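Since chain A is already given, all that's left is putting chain B on it; use the hints.
These protein sequence lines map, in sequence, to chains A and B.
Each residue of the first sequence is one higher than the one before, counting from 518 in our numbering.
Each residue of the second sequence is one higher than the one before, counting from 518 in our numbering.
Among the hints, erroneous ones may be present.
Any copy, or any two copies together, can satisfy a pair, since identical chains are not distinguished.
Below are the DSS-like pairs computed for lysine-lysine, each with C-alpha atoms no more than 27 Å apart in a straight line [unchecked claim]:
id: 1; residue 1: Lys829; residue 2: Lys562
id: 2; residue 1: Lys783; residue 2: Lys837
id: 3; residue 1: Lys662; residue 2: Lys736
id: 4; residue 1: Lys782; residue 2: Lys837
Hints are computed from structural coordinates only; laboratory data are not their basis.
Everything numeric in this text was worked out from a predicted model, so none of it was measured.
Protein chains: 2
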Amino acid sequence: MASKNVQITDDLSSVLDRFFFDRNYTQVAVLVDENTEQACLPLVKDLIPEHWLISIVSGESNKNLSTCESIWGALTEGSFDRHSLMINLGGGVIGDMGGFCAATFKRGIDFINIPTTLLSQVDASVGGKLGIDFQGFKNHIGVFKDPELVIIDPVFLKSLPNKELRSGFAEAIKHCLIADRKRWDEISQKNLDTQNWVDIIGHSVAVKEDIVAGDPFEKGQRKLLNFGHTIGHAIESTYLDRGEERLLHGEAIAIGMICESYLSKKKSGLQETELNEIVSYINRIFGLPQLDKEAFEEMVELISQDKKNQGKVINCTLLKTIGEGVVNIPISTGDVIDALFYYNQLSDK
Amino acid sequence: MASKNVQITDDLSSVLDRFFFDRNYTQVAVLVDENTEQACLPLVKDLIPEHWLISIVSGESNKNLSTCESIWGALTEGSFDRHSLMINLGGGVIGDMGGFCAATFKRGIDFINIPTTLLSQVDASVGGKLGIDFQGFKNHIGVFKDPELVIIDPVFLKSLPNKELRSGFAEAIKHCLIADRKRWDEISQKNLDTQNWVDIIGHSVAVKEDIVAGDPFEKGQRKLLNFGHTIGHAIESTYLDRGEERLLHGEAIAIGMICESYLSKKKSGLQETELNEIVSYINRIFGLPQLDKEAFEEMVELISQDKKNQGKVINCTLLKTIGEGVVNIPISTGDVIDALFYYNQLSDK
Chain A
518 MASKNVQITD DLSSVLDRFF FDRNYTQVAV LVDENTEQAC LPLVKDLIPE
568 HWLISIVSGE SNKNLSTCES IWGALTEGSF DRHSLMINLG GGVIGDMGGF
618 CAATFKRGID FINIPTTLLS QVDASVGGKL GIDFQGFKNH IGVFKDPELV
668 IIDPVFLKSL PNKELRSGFA EAIKHCLIAD RKRWDEISQK NLDTQNWVDI
718 IGHSVAVKED IVAGDPFEKG QRKLLNFGHT IGHAIESTYL DRGEERLLHG
768 EAIAIGMICE SYLSKKKSGL QETELNEIVS YINRIFGLPQ LDKEAFEEMV
818 ELISQDKKNQ GKVINCTLLK TIGEGVVNIP ISTGDVIDAL FYYNQLSDK
Chain B
518 MASKNVQITD DLSSVLDRFF FDRNYTQVAV LVDENTEQAC LPLVKDLIPE
568 HWLISIVSGE SNKNLSTCES IWGALTEGSF DRHSLMINLG GGVIGDMGGF
618 CAATFKRGID FINIPTTLLS QVDASVGGKL GIDFQGFKNH IGVFKDPELV
668 IIDPVFLKSL PNKELRSGFA EAIKHCLIAD RKRWDEISQK NLDTQNWVDI
718 IGHSVAVKED IVAGDPFEKG QRKLLNFGHT IGHAIESTYL DRGEERLLHG
768 EAIAIGMICE SYLSKKKSGL QETELNEIVS YINRIFGLPQ LDKEAFEEMV
818 ELISQDKKNQ GKVINCTLLK TIGEGVVNIP ISTGDVIDAL FYYNQLSDK
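The following block holds chain A by itself, in its conformation from the complex:
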């Protein structure tokens, strides 16, 4: 199902053995944060050659140039050459930033990603998008480059808090909404705790690989994957520095999917019954936390900076129907405000 680059396995040891069998890296680094160092590194460290450990502080707010400088600095200190390898062991932040640092260190060293959260397993594991945040804009600086290998092992999900599992599930829901009505019908019958994660990961990776393969540099169809993200990213960024109120990526994307489903009804033919079906299931899994109206202006400002725009037009990915997305639907800043107000009134009902 997955390409040679992505391996879904419950036998980490064999996959790593095979990988290192005919490769002669001069040095190996493992990038972790304080969480994956504790929960995930013990499952990996005896399966790989002698290595340097680079540990960074977890969290999207550290996905910036300053952390990159400390990663590049560690590689420099260890005299890493171009024939060395970086293993990114963690969630999306570790994969995106570690990949970016590897892809730019001495103009590029090899790296492999071992995503340890559901979110990074179903989403960040495919597509070669690497990057960091800059001046408050998500993934503003980065490159496209595929890892040598992505290893997805559901064993890491056991240590994952429920809130993180739910966050990853948002992307799995998205993959159904844009590409697979039948699978949507299946998952939307179940709560979070009865889902089959191996199936869901396999499905998500397959949907994403299929879309990415036809459009590696996001010129067209790949934008399907942005459903929920135009508005969702802006919500996530706006709430980034709000401490307790902070939203996980998938929690923000869940709200973004409701807003963009509302716009899909307005712009691209989604039926009202379908909109209600989506709202109802997202409510069941995520609830409908109220957004701060005072932040709407900042969200709109962020959306105007979105990488997917062309000039001043906001290009949005919407749904024609459940199971079929459509890219490049122009929306206005007024539409965005409408959608945010629509979302907020849902929980008033």
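Quick look at chain B alone, frame taken from chain A:
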């Protein structure tokens, strides 16, 4: 002679007209430094669409992350999207750093390079190597990516100080030494002021394109182009913060070529008469400025960090004979010290 990507021309206007004819960029930026803003921008600015001017302070010592942040910041402020273009108008620093910023902004926007120094015309114009310095190491952070177009117009050389012209000439000399005995015989008959620059640029671009085409990611033969650079880069870095004493890139490479020719006699079969011929011509053009012995240790340290190394072995590109280079000759730090002492005693004679 040059590929479709590199155009050597005396008609900048037609080339730019043709380039913009069927492209619809939403925004255009021109990156300059204070020198090219004054001497080169007037020749270009009426030939391109409305644009943002981004001006940085010239010099290798500003080719760093902090300048990148100001370039990325300017693109962000101008709401540049992925369908925008950056024009890098200047020498190697502008091309390497502007290209790196373009290649990483929103995971990559188009860029074109208009090299304005002989050095950047004969060297940096081909090969897609982009990058910045980091913690004192040259081009330590970067990527490989080709510009949409490189335009080389000798008109820019008219405003170039003689010292800069000579610096660029070092790379042209290198291209003869590694690949073309006949051309070496021709240029080494002439002083700097009687060289035919259009011919020399054409030859250098052709030699470099030929080598790069077979090895875009510097896994093998491309290392031929590193002749003179293993030791030359270290000398250049060591002298970077020495004010008046500072060496231009080509001046450092000229010294590096003498040192590495000396090692070629020791390791790869270069004849003593050939070594003397090389020393004699480089002396005629560049003189033999004495190196500071106190800095030798720092140079060796820098060489041990060279991107071209594999583990602890220093891999050097040397000459078999004038006109034929050879890659991956292992040398020791002791060899480097020997070569530096050899160079210094030349001017004692």
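Hints, one by one, checked against the model:
Taking CA atoms no more than 27 Å apart as the test, Lys829 paired with Lys562 passes between copies only; the shortest distance there is 24 Å, against 49 Å inside one copy. Taking the closest pair of Cα atoms, Lys783 and Lys837 come within 27 Å of each other only inside a single copy of the chain (11 Å); across copies the shortest separation is 72 Å, beyond that limit. Taking the shortest alpha-carbon separations for Lys662 and Lys736, both the intra-copy value of 16 Å and the inter-copy value of 18 Å come in at or below 27 Å. For the homomeric pair Lys782 and Lys837, the shortest alpha-carbon distance inside one copy (8 Å) is at most 27 Å, but the shortest distance between copies (72 Å) is not.
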